[in-house]
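A.B. asks: Each chain is listed here by its residues.
Protein chains: 6
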Amino acid sequence: MKKVVTFGEILLRLSTDRHLRFAQAESYKATYGGGEFNVAVSLVNYGMKAEFVTKVPNNELGSCAIHEMRKLDVDCQNVLRGGDRLGIYFLETGTSTRASNVIYDRANSSMSTLKKGEFDWKEILKDATWFHWSGITPALSQTAAEACFEAIKVAHELGLTISTDLNYRSKLWNYGKQPKDVMPEMLKYSNIILGDIDTANFMLGLDKVDPDYQQVATLPALYDQVFKLCPELKYMSTTLRYSVSASHQRIGGILYDGSQVYKAAVQEVTPVVDRVGSGDAFMGGLIYGLNEEPLDKQRALNFAVAACCLKHTIYGDYNLITKNEIEKLLDGDFTGKVSR
Amino acid sequence: MKKVVTFGEILLRLSTDRHLRFAQAESYKATYGGGEFNVAVSLVNYGMKAEFVTKVPNNELGSCAIHEMRKLDVDCQNVLRGGDRLGIYFLETGTSTRASNVIYDRANSSMSTLKKGEFDWKEILKDATWFHWSGITPALSQTAAEACFEAIKVAHELGLTISTDLNYRSKLWNYGKQPKDVMPEMLKYSNIILGDIDTANFMLGLDKVDPDYQQVATLPALYDQVFKLCPELKYMSTTLRYSVSASHQRIGGILYDGSQVYKAAVQEVTPVVDRVGSGDAFMGGLIYGLNEEPLDKQRALNFAVAACCLKHTIYGDYNLITKNEIEKLLDGDFTGKVSR
Amino acid sequence: MKKVVTFGEILLRLSTDRHLRFAQAESYKATYGGGEFNVAVSLVNYGMKAEFVTKVPNNELGSCAIHEMRKLDVDCQNVLRGGDRLGIYFLETGTSTRASNVIYDRANSSMSTLKKGEFDWKEILKDATWFHWSGITPALSQTAAEACFEAIKVAHELGLTISTDLNYRSKLWNYGKQPKDVMPEMLKYSNIILGDIDTANFMLGLDKVDPDYQQVATLPALYDQVFKLCPELKYMSTTLRYSVSASHQRIGGILYDGSQVYKAAVQEVTPVVDRVGSGDAFMGGLIYGLNEEPLDKQRALNFAVAACCLKHTIYGDYNLITKNEIEKLLDGDFTGKVSR
Amino acid sequence: MKKVVTFGEILLRLSTDRHLRFAQAESYKATYGGGEFNVAVSLVNYGMKAEFVTKVPNNELGSCAIHEMRKLDVDCQNVLRGGDRLGIYFLETGTSTRASNVIYDRANSSMSTLKKGEFDWKEILKDATWFHWSGITPALSQTAAEACFEAIKVAHELGLTISTDLNYRSKLWNYGKQPKDVMPEMLKYSNIILGDIDTANFMLGLDKVDPDYQQVATLPALYDQVFKLCPELKYMSTTLRYSVSASHQRIGGILYDGSQVYKAAVQEVTPVVDRVGSGDAFMGGLIYGLNEEPLDKQRALNFAVAACCLKHTIYGDYNLITKNEIEKLLDGDFTGKVSR
Amino acid sequence: MKKVVTFGEILLRLSTDRHLRFAQAESYKATYGGGEFNVAVSLVNYGMKAEFVTKVPNNELGSCAIHEMRKLDVDCQNVLRGGDRLGIYFLETGTSTRASNVIYDRANSSMSTLKKGEFDWKEILKDATWFHWSGITPALSQTAAEACFEAIKVAHELGLTISTDLNYRSKLWNYGKQPKDVMPEMLKYSNIILGDIDTANFMLGLDKVDPDYQQVATLPALYDQVFKLCPELKYMSTTLRYSVSASHQRIGGILYDGSQVYKAAVQEVTPVVDRVGSGDAFMGGLIYGLNEEPLDKQRALNFAVAACCLKHTIYGDYNLITKNEIEKLLDGDFTGKVSR
Amino acid sequence: MKKVVTFGEILLRLSTDRHLRFAQAESYKATYGGGEFNVAVSLVNYGMKAEFVTKVPNNELGSCAIHEMRKLDVDCQNVLRGGDRLGIYFLETGTSTRASNVIYDRANSSMSTLKKGEFDWKEILKDATWFHWSGITPALSQTAAEACFEAIKVAHELGLTISTDLNYRSKLWNYGKQPKDVMPEMLKYSNIILGDIDTANFMLGLDKVDPDYQQVATLPALYDQVFKLCPELKYMSTTLRYSVSASHQRIGGILYDGSQVYKAAVQEVTPVVDRVGSGDAFMGGLIYGLNEEPLDKQRALNFAVAACCLKHTIYGDYNLITKNEIEKLLDGDFTGKVSR
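Chains as they are written, first to last, in full-length UniProt numbering: chain Y, 1 to 340; chain G, 1 to 340; chain V, 1 to 340; chain R, 1 to 340; chain B, 1 to 340; chain A, 1 to 340.
These are computed hints drawn from the structure, not numbers from a lab.
In this text, all values refer to a predicted model and were calculated from it rather than measured experimentally.
Please note: incorrect hints may appear among the correct ones.
Identical copies carry no separate label here, and so any pair may be met within one copy or between two of them.
To be verified - Straight-line distance between alpha carbons at most 27 Å, and here's what the computed DSS-like set of lysine-lysine pairs gives:
#, residue 1, residue 2
1, LYS171, LYS328
2, LYS208, LYS328
3, LYS188, LYS126
4, LYS297, LYS323
5, LYS49, LYS126
6, LYS3, LYS153
7, LYS3, LYS116
8, LYS323, LYS171
9, LYS49, LYS3
10, LYS71, LYS2
Given only the sequences and the hints, what does the whole structure look like? Please build it.
C.D. replies: Below you can see the structure in the form of structure tokens.
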């Protein structure tokens, strides 16, 4: 079986009960998640083998994070224990006209103080066929960026497919570097990039553009600029998200393979239970879809969009959805009938 | 006062907290329900007298089921105690594009091991005017089917009106018989059948048809086939359900009296709190409506549709709605204004 | 800083868990609120100084109400302790086609037994610029009406701006007087009245009219009747509420300044978390907006409408929304995107 | 089967989560109880027939109280609907050195405004053998006291055994009368009084005494004073409660039949889950025991003490304990082993 | 590292909230446990390798059971999926004088319908050094007993140490056989038996004895009878449990090695959080202790007793306690000080 | 009224539900506390005026901490907003033989990065009569220690009484300094020190002693060593804590005034609800007692011990106990009777 290794941070998420503001919270629901971990969970749910590589502190919260990985059958044999703390984020989920709100409390986490050389990547990646990282790790700290780059280079050397979710978070990138100082070098090894053109250009130091994803004909020219700077690139993809309100989203997607633009039909998602991690669900769906044989690019994209839609109905960061449930949607059944 | 006796199984329902999947459940909400019991509850809420007849085990869970009946003022004086266990069903409530999911754990329940002769039906039905059963009981086991048939025949003999909800559940019918082996004989005594034509034909062993409930003119011909096989039949009725998503339903209804097709306007129901039991709410509304004097068939149907709509806003299997609340809807007030 | 004093009753609100009916409630969430208190909370959240004047019993529930005021930074230095009980209201929140339901249990509350002379209004109001009261206090009892009138007259004497929310509650007014017996005298001192024309006319003893708020041109004539009876009146304002269902509201607003009708665009609010107090959120937004310098009447109205919309997303009676969040809506961002 | 009718008030009890103070309460658990109702529940649990007579308001809270009666199989066919409100009490449960705390909010309840003549006692009591009332009802109001006296006289006339729990509550008796103004006349009809001698003397207007329940020999002289004033009296009984702390009680009991003092061994109860209603559990146990045939006074007392002990382990006001569970304790098994 | 394989059933446990009776339960906490699984969890917590072998249904509840195994790092690679249902037990936790109460609903579970030949024991046990089973599996059904015996014989053949917890459950053994019909043959292969002499004699068909575990000198003669019938037996051991109440236990233990009786000091445990699984915690501690090198039999017994004590403070069936925590107790620190 | 200023850190406390281990936590209860804040809360509850001075971040969690201060009527007018994060601690509450467990996550908190000069202490302390600090602040960081020393010197200069709780936390003091490097200089200004002699000696760099607090006669010689190094010292005091288990404590206390040793009787506390903050409750009680007029040293000590006992029954860090409740204990009523 093909095995994907994802690398990144896992956080303790503390969220208020549904609808409550931080000022009203008497308790917080505790779950665990992180962009790259969420991708690994999706892949396992679809029947692939996935390993998550990270560093967590040697205390009970670090253990809880590992319990979560094991429970979900994500391989965690190479997770390091050490550092001072597990990163935390506090989440207040919005509704209707009120937006969700996040308080990051992840500075000085075990993962952000990770250094090059702590992992033996040759050993870790030796049975893998795919390596996934995102723009969050290089945003944490200088040493985390270096540790990520080290992994990328080994993955490339071993011939793995490399996918990257750009995942721009403006509240991170606080250590003195900007994306364009760090990302261009790292993205050179990526075979697949998830993110809109605008973000890609921003991270690659290109000029701001304003892509109109409705005008499929004009997209290749914009994508090709990115392809030019990323010599290994085979696919760019992006979710299309039309936010009617915090409770109502319209979700579509685009996939470009260097020559053709694939587009998935827009789906209605209302009400939204939990929007966090829906991009990771798309990413997971896409990796799965592109690993299917025979390769069907349109179906891979549709699968990613359906996975993303369903994630909005799942509480927590990662997508507890089976392949069957997604395929039911792909076959056009959005009616949510009870099976009995 | 007219008294309705309903006969069937009551289950312990264990449902995850709203939005959570089975894999996320740390606890289950415990309620009690079952199609024929739900009908009895509706009738009591509308001011009728109703008795529920069933068999539950002689343990604390059986007692809890009886507490529920008493609390809701459903007469339970003839409920039998015995057998091995109370049937259970686990429910995960869907939302948006994600469907609800049911795990039945009802095999070997006290009700499924019921045998002919355990109830003294002549005594039980002596003050009743109406007997209601559904297609679930004959689906449980050979002996349960026989016990149900026994009741039907006594009810017929005593001149009660007999109503039947076809309630086809494909996950049941595991004891070697199919509906068409059992139901035709039993439905011969029914005065009112709830179910779409297609299900009726399936259960009666007729050919599959594809009724277009929008084309009222074409319906009588289809209905008449059923009427032919069920000599006592006076009404067939069905809910019309257009499932936009698990959270958004459009609800209408049809009533046919052997000569005329009545149709109720379709109502929007969004969001859906709990869809289980909405068919039973329709059935309860219809029985109530057909017992009103003077008889107004269109209003009886409208009442059933409004009851069904309101059930979607109620957590649990049965419909905690008063006659006044339904009549407010019949009078066109769907605005949900606070009364103060 | 300008300081607003609001005067009225604060209640213990006991609400069922979301979706549950009273008959299903095993517990009640306890919060505290009341029309005039809710206005004070809004003002503090927008950066103004606000004091709330009321009377609560000298038991732990009275203390809890005061804790709430202090927590929210509403000045409570003049709150009286005494009387027999804190008023209570029980709330069952509706959804979809099912309306919310309120049980008032506020008779004989400390506030309803308040008498003229218990507060030293000259002292209380000496640093204030604005006094706010509503039609609830005169509805409680004869003595409460007199105590309210006493405050109004002192406020007028001291030159404060006086605002009044008509807040007609048909379940109150049980002490033998009707609004038209009491309110005309009191409204003579009001500079701002919140309420629709119809309610104003009813309270002032005028004939029933049926204003069409869509027909802006016809409104001044109707408003001017009220202005005629209330010589100090500078503004009348009303929320426009189109109730699609208990879960879906459309919210707009009107402001009339004696010469011009201002109208705010209608906003969609779906789903509704908690509709109670949304009128108070409008009132608070309007008082804030009319205190902004330079005065921009259209923006003041828009601010009130946006505040009212956002209140529907907040659990509890009062509006836990910041000025920034409202301004984001005024700038047209209704998309509810996560900030991270 | 012998049938007991109990008469009194049922209250909505709102209690904080275990250990929390009122100042910390975000929600209240809602249960229903009242001294005389609690006695009826006990009797039903031991297999007797019991009816509870009261008056509750015609709103949803009144309905909830009735649901509770029906659920517990307490006959409620004569419960009146009317009046303004259901009485409430707020409960904060103590632990260790911290005492429990009660806030009564029961003034102006439906029961306290009950008047003589509202019940047809001859009809209600016609099949009963026993009537039970307590000192709470005459403490509510002048009219409630009169209504209670009316019932007592009919019960006496019909030859029922009459039992009375003195239940002195100093926070009640606010309508201008003291126990000694009202109770002596009413107690003249009692056959069984539950309460310590001191309370009995206080209510009968006798001098204060300081009985030493350890000195059994000295008790008859003290009891005989009460017997002298209550000509129908056959038994006096009292729980002996040694409060080590709010979490640790030692429970015994005394029964005097006019000639002999029976004493039950003291039992340890630790930890205490809920102490409210433990006196009512004793009363229920005693009524049950005195109805057993052949009569065994020592066993009746022991049964009452064991019932009282077990009540301390049950959350809520009434005793959800079976006869078997009490008999296991009477047989000396206090070990709490799991049965499996 | 030494690896232990345990074999048995895992159940869904549904327990009421603490203190509540079944009749009060509105929800059930869902956890998973079973005697032999609990032993495996203990061993993993102490740093050993443990695998659990069982059969669970191919539905979401079966998956949840497997999630639990994975989360706790118990190897579950050989768990079979199939059969009809996951066994359930309902638990009401007692307190003070009120005992806990269990409702088994485990008939027809996947494990009880297991048949010989479904597992490839030679493969499963090839890397193991120890095999653990208990008297529960042969109590489930004839086929389960046979499947268990098959495993025992392979384990013996491969030279594994075999431990058995007698675990007599009178509510099981319903398939027509009694322990003495089945167990003697199976216990012949056991090297370690956990259970009191009386139970061992009962299961082996010997006469009832009444051992006095306080009289150490008289024990060897009694134990030797068992040793005679079980030729491979090296150790018998038992917990000593003095139940003061459901909330207060005194725990000691005995170990006999064929020549010497070891006895552990009795420890006080109060209050008890959850007593279920405390015997399994003892068993796990003993297996761990007997695997320590150099072997110290007294310390192994003390470790088992300390583990058993600490289990009483842990909610759920299995013992979430580390080796360090147990060793702190062995070193005499029972004070429960906060570490900070 | 006398006003006390306390200075220190306030933390977000995230605790598991009672009895649950970190590994079982699905949610955390959120409360706020900190040694010096807890002292301020106690003082306000006893009727004194108290201000708390600290620094919290400018995010919603910082605001929540301030809400808590306001709610409890602790003056927070000088609280600074700034820095990066609110310190957190995770708490797992032990029971019986299992100890409580704390995970500190407070590094880099706003308070730990506080610097000298950020507060205008002359202004802050100008109306105060008493200043309280503890050994926690100098343990946080070099700059926090300096900022604390700055405050102490101003307080001394302004003639305030200075009290210090030594509060040694071995998990802090991570910035390169040990208590003996920092504390001796700071303690020179203290008038009252809370802590055992051993800790005082450790912090002052004296030799380890092993005081026997039972031998009152030998204590003065040991105390006098501390008095010698702290020229302003008037009182040393300590709680005496005998930990029977995590659920059962015995609490006494010692007060030495330079000439006489006062000793309070030991009280039983069982069960313990929450032990955190019980030392702060003692400190608060002592400050209150020493401010009473006329001064009664024995009663001040007794008050502190009773406050400490009662704190063990209160969930959360601070002591929600009134003066009346403590005085009831001082008067010998430990029975925990319900008041009604």
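A.B. asks: I want to check one pair: LYS323 and LYS171. Are their C-alpha atoms no more than 27 Å apart within a copy, between two copies, both, or neither?
C.D. replies: For LYS323 and LYS171, only the inter-copy Cα distance (22 Å) is at most 27 Å; the intra-copy one is 34 Å.
A.B. asks: Between the shortest in-copy and the shortest cross-copy C-alpha distance, which are at most 27 Å for LYS297 and LYS323: within, between, both, or neither?
C.D. replies: within (17 Å within a copy, 47 Å between copies)
A.B. asks: Classify it for me, LYS3 with LYS153: is the Cα-Cα distance of at most 27 Å met within a copy, between copies, both or neither?
C.D. replies: Cα proximity of LYS3 and LYS153: one copy only (18 Å, versus 38 Å across).
A.B. asks: For LYS208 vs LYS328, is the C-alpha pair at or below 27 Å within one copy, between two copies, both, or neither?
C.D. replies: Result: close only across copies, 24 Å inter versus 39 Å intra.
A.B. asks: Given identical chains, is LYS171 near LYS328, meaning Cα to Cα at most 27 Å, within a copy, between copies, both, or neither?
C.D. replies: Cα proximity of LYS171 and LYS328: across copies only (19 Å, versus 38 Å in one copy).
A.B. asks: Quick one: LYS49 to LYS126, C-alpha cut-off 27 Å, is that within a copy, between copies, both, or neither?
C.D. replies: Classified as both: same-chain Cα gap 14 Å, cross-chain 26 Å, threshold 27 Å.
A.B. asks: For LYS49 vs LYS3, is the C-alpha pair at or below 27 Å within one copy, between two copies, both, or neither?
C.D. replies: For LYS49 and LYS3, the Cα distance is within 27 Å both inside one copy (5 Å) and across copies (25 Å).
A.B. asks: Have a look at LYS71 and LYS2 and pick one of within, between, both or neither, based on CA distance no larger than 27 Å.
C.D. replies: both (21 Å within a copy, 24 Å between copies)
A.B. asks: Can you tell me if LYS188 and LYS126 fall within 27 Å by alpha carbon in one copy, between copies, both or neither?
C.D. replies: Within one copy, since 21 Å is at most 27 Å while 48 Å is not.
A.B. asks: For LYS3 vs LYS116, is the C-alpha pair at or below 27 Å within one copy, between two copies, both, or neither?
C.D. replies: within (23 Å within a copy, 35 Å between copies)
When held up to the earlier numbered hints, the structure conflicts with none and fits them all.
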